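If you read the sequences in order, they're chains W and C.
Number 178 marks the last residue of the first sequence (our numbering); no jumps.
Number 1203 marks the last residue of the second sequence (our numbering); no jumps.
For the record, the hints were derived by calculation from the structure and aren't laboratory data.
Be careful, since some hints might not be right.
To be verified - Listed next, the in silico DMTMM-like pairs over lysine to aspartate or glutamate satisfying Cα-Cα at most 25 Å (straight line):
| hint | chain 1 | residue 1 | chain 2 | residue 2 |
| --- | --- | --- | --- | --- |
| 1 | C | Lys978 | C | Asp1010 |
| 2 | C | Lys1176 | C | Asp1106 |
| 3 | W | Lys154 | C | Asp1010 |
| 4 | W | Lys160 | C | Glu1051 |
| 5 | W | Lys99 | C | Glu1067 |
| 6 | C | Lys916 | C | Asp871 |
| 7 | W | Lys154 | C | Asp1106 |
| 8 | W | Lys160 | C | Glu1067 |
| 9 | W | Lys98 | W | Glu113 |
Bear in mind that the values here come from a model prediction, so they are computed numbers and not experimental data.
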Amino acid sequence: MHITERSIRGGTVLMLSGEFNFTGRRTFNDAVKKAWAANCPHLLVNLEGVAFLDSAALGLLAIANQACQEKQCRMSLIKPQPYVAEVLKLANIQKMIPIHANEEEALKMVVRA
Amino acid sequence: MAIMNHPVPEGARAPVGLPAGIESSSAVAILVVDDEPVSRAALALKLERRGYRVLQAGDGREGLTIARCEHPDVIISDWMMPEMDGIAFCDAVKADGALRVIYFILLTVHDQPEQIVEGFNHGADDFIGKTASTPEVIARVRAGLRARAMMRQLERTHQDLADSHELLVQKQEMMEMDLRSASRFVRSLLPKEGQLVPGVHLAWEYLPSLVLGGDLFGAVPWGDDCLGLYILDASGHGASAALRAASLVTFLRADALPQQVGPRETGKIMAALNHLFPLSEAGEYFTVWIGSLHLPTRELCFSTAGHSGSVLVRKDGRMDHLFQPALPVGFGSGTSYPAKRVTLQAGDRVILPSDGLYEVPSPNGERWGLTRFMQTVLDSCDRPLVQSIKEVIVQARCWQEHHRFADDAALVGLEFE
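Looking at chain C on its own, in the form it has when it is part of the complex (with noise of 0.2 Å):
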């Protein structure tokens, strides 16, 4: 193996006016590759005394063996050499994950325009005829660092923009399983469906914009005879509204606002949420509807703060707002919310939407509104409950012409037997 390191002789000239990103001459290495000792040692010379540190080797398998080791900025081989030629050197170090960046420069005699392309063809960067002059080898040599400090930069941006990709994979993985782990949380607020006390059934859909949304709703016992339903809409989406939505329920658990000011009193309980969750500096507010079902005489109690949509289906077809006009909770402090109550029957339903079902847009931008919801409710109300739910969900998606909502959507549906 002939690895040589010639000290730079005295007197040598370094190359004037590198490129930014190319290293000193001194810190550039070049391979030459030859099987002819005197014309690999005269171009050995020619670069050693601009400064550049030359490795040599007599063929492409020792070339190989050195670039291996060495890692050289620039490879400059002979075409015709046995045991492994420039264009089998060539192939073998483009093959290479390793070593493919290095400037390979062909050292021929060939200066036919197929060869060349031949010689491309195998991966090599640039050609030098054997009889090329000093300046010549060296102003190839200087392009082909530039080309590899190019090179060089682009790896390392490519680099970067790798590892930030990376980076904001593994965040954005991290925060998807938080949101994964919210929304299990949120929608275990949620109640089941089916059976909620004798006599009473309840179905529902919940269709949040995003992984997380603002919609909540509810029916839980609120003493021994009475049953809280509510639904309420958080401004906003995502998880900022989901965590103020999750927050106001807390205080709609029956040992809380129900049992402090009364399970029937939902005027009151609006009142205290509106004291207890202001309008937030950015706006940020509540549309809640809550009701209050007394069982024994299943008359219905409930109050309303700027939640509009709740209806009541009759066994027999007619249909009632369940609507007291109140401004949202968190608007204006000391307003008071009025109760107003129904008795219900047999077969009667209630249906309780979010905002963001009945206003869906049709891609013209006409929004399918209160009046087609309601009609939709009505037209449906023949069929079992779950299916009456999930027919409305339907034709608010064909209203809209899509699956997936903008905004967040429920709908809930309770039956009285």
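So that you can see chain W by itself, here it is in the shape it has in the complex (with noise of 0.2 Å):
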């Protein structure tokens, strides 16, 4: 898996392509305390990129979302594919990680919050 970051007018997204998997962990979690280091108040993950996401990554988006919420951060998924999207709205994480259409709407959502 491959992450590139980008800072944006109230927050930092991550474009993660690829599969995200067990293997992705360590590059996944390196791009979240960076941009958790940058004090960034929103963390945008976009799985536009991402053709596969396994249990693993269910979990690593897990944890994520918990030690956000520790640092007063909220954390937003972006675009899944459909194959990805069924996977998460199988295991219900839209209860607990918001998924957004696009970008933009998840920054209005933060904004109208």
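Got two chains here, separate frames each, mind docking them using the hints?
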């Protein structure tokens, strides 16, 4: 899995690409920690380029979300592909981490909240 | 026998600039073998003056005996000798495992290329003409010592590698023994196939990706009239996942959570598991499906925690997804897990997969997916339960075009008469 980071007004976007599984653990954790170090108020994990996400990756998202809450940082998932969206839906992840169609929508929801 | 250890003459010059790994000259033993006493003594003297310890022998046979006792660093042997000539002596030294690393120099008047080739073919390492000057002799001895030092270093490295390899093999065997033992324990937790209780039959396939896997399932009596059913998947693979799965299963024994919160309260059992097994620091969690079958009424009450794919196949071919959206166990404290109820009829089947089965990728990366999995279950439902379960596994393997599953995979089938 490959991650590129991008700062936007109101948060940091992590653009993930490839297969998100256990082997991407360090890459993902490092990217998340880097965002926290920059006092990121909103972490947007863009899944548009992720073709597959396994159970280990779900765990990584969950633990990152827990840590985000402790750091007063919001976390959102952006634009998952259909298969990934189905995996997230079956695990009811939207109950824990909001899923949005695009980054603008995620940022607007924060403003409304 | 003419073993002679002459003292180093006063004023003898030690070789300068010995390469690393070569002993000081006094520690270096050179065996000179020649049937000509004068030539032998002259060469020995040249070497002793450079500080080498010199041993002497009159022919190859005597030289071999001395070599076996003294293990010299270098042998300088004449070619033409009675009893055992230089070539036969060289053969004998190189054939002896304890001596073959000795640097062997043939001392000869033969300087024709064919004879040099013959000497090399018999294992000789170098040649010195009988008329060679003292500096040449010493230079060739020192070159031989360098070669021998490198060979010794190589031998030590080889031995170190062999020792390390042996140690790794031993540790690997111990680990594999432990893993096999743990695997036997995990498998002992799985239910027996066949008739569980009158009217309920069980068949399953359990395919961990490694020796141990994080999938576990069970079918256990929860009281006199309830049958507890579960399948769970501890995230990750291997020993850690297997241990966490085995740990969770202990709470699903009849005398544990089902007794404490009630055998029909699958949602409460799941909530209790969620409380007991929070998300680990490494993000480890469980997906779980729990069912409680009331045997007198055949009402199945079930709850799920992020575990999808379980289906009810009716005898008439209709299919229901036995799924209730809820977070996996460990994802959120206070998560509630709703329970759903269905009544089973004679001929119905409940099929419980782990995600490692329906998430198998084709060679081009496309996942088999729930839809294809469910269709396969449906297509094989007219076969006996055992064959139907096997057929689904076969189809998953066909999809991935590989026998071995990359993730832990399990498939459980229950049939009701």
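Do the hints match the structure? See the list:
1. C:Lys978 to C:Asp1010: Cα-Cα ~19 Å, so holds.
2. C:Lys1176 to C:Asp1106: 21 Å, holds
3. W:Lys154 to C:Asp1010: 37 Å, violated
4. W:Lys160 to C:Glu1051: Roughly 23 Å separates the two Cα atoms, so the pair holds.
5. W:Lys99 to C:Glu1067: 18 Å, holds
6. C:Lys916 to C:Asp871: 15 Å, holds
7. W:Lys154 to C:Asp1106: Within the cut-off at roughly 18 Å; holds.
8. W:Lys160 to C:Glu1067: Between Lys160 (chain W) and Glu1067 (chain C) the Cα gap is close to 21 Å, so the pair holds against 25 Å.
9. W:Lys98 to W:Glu113: 21 Å, holds
Taken one by one, the earlier hints fail for this structure only at number 3.
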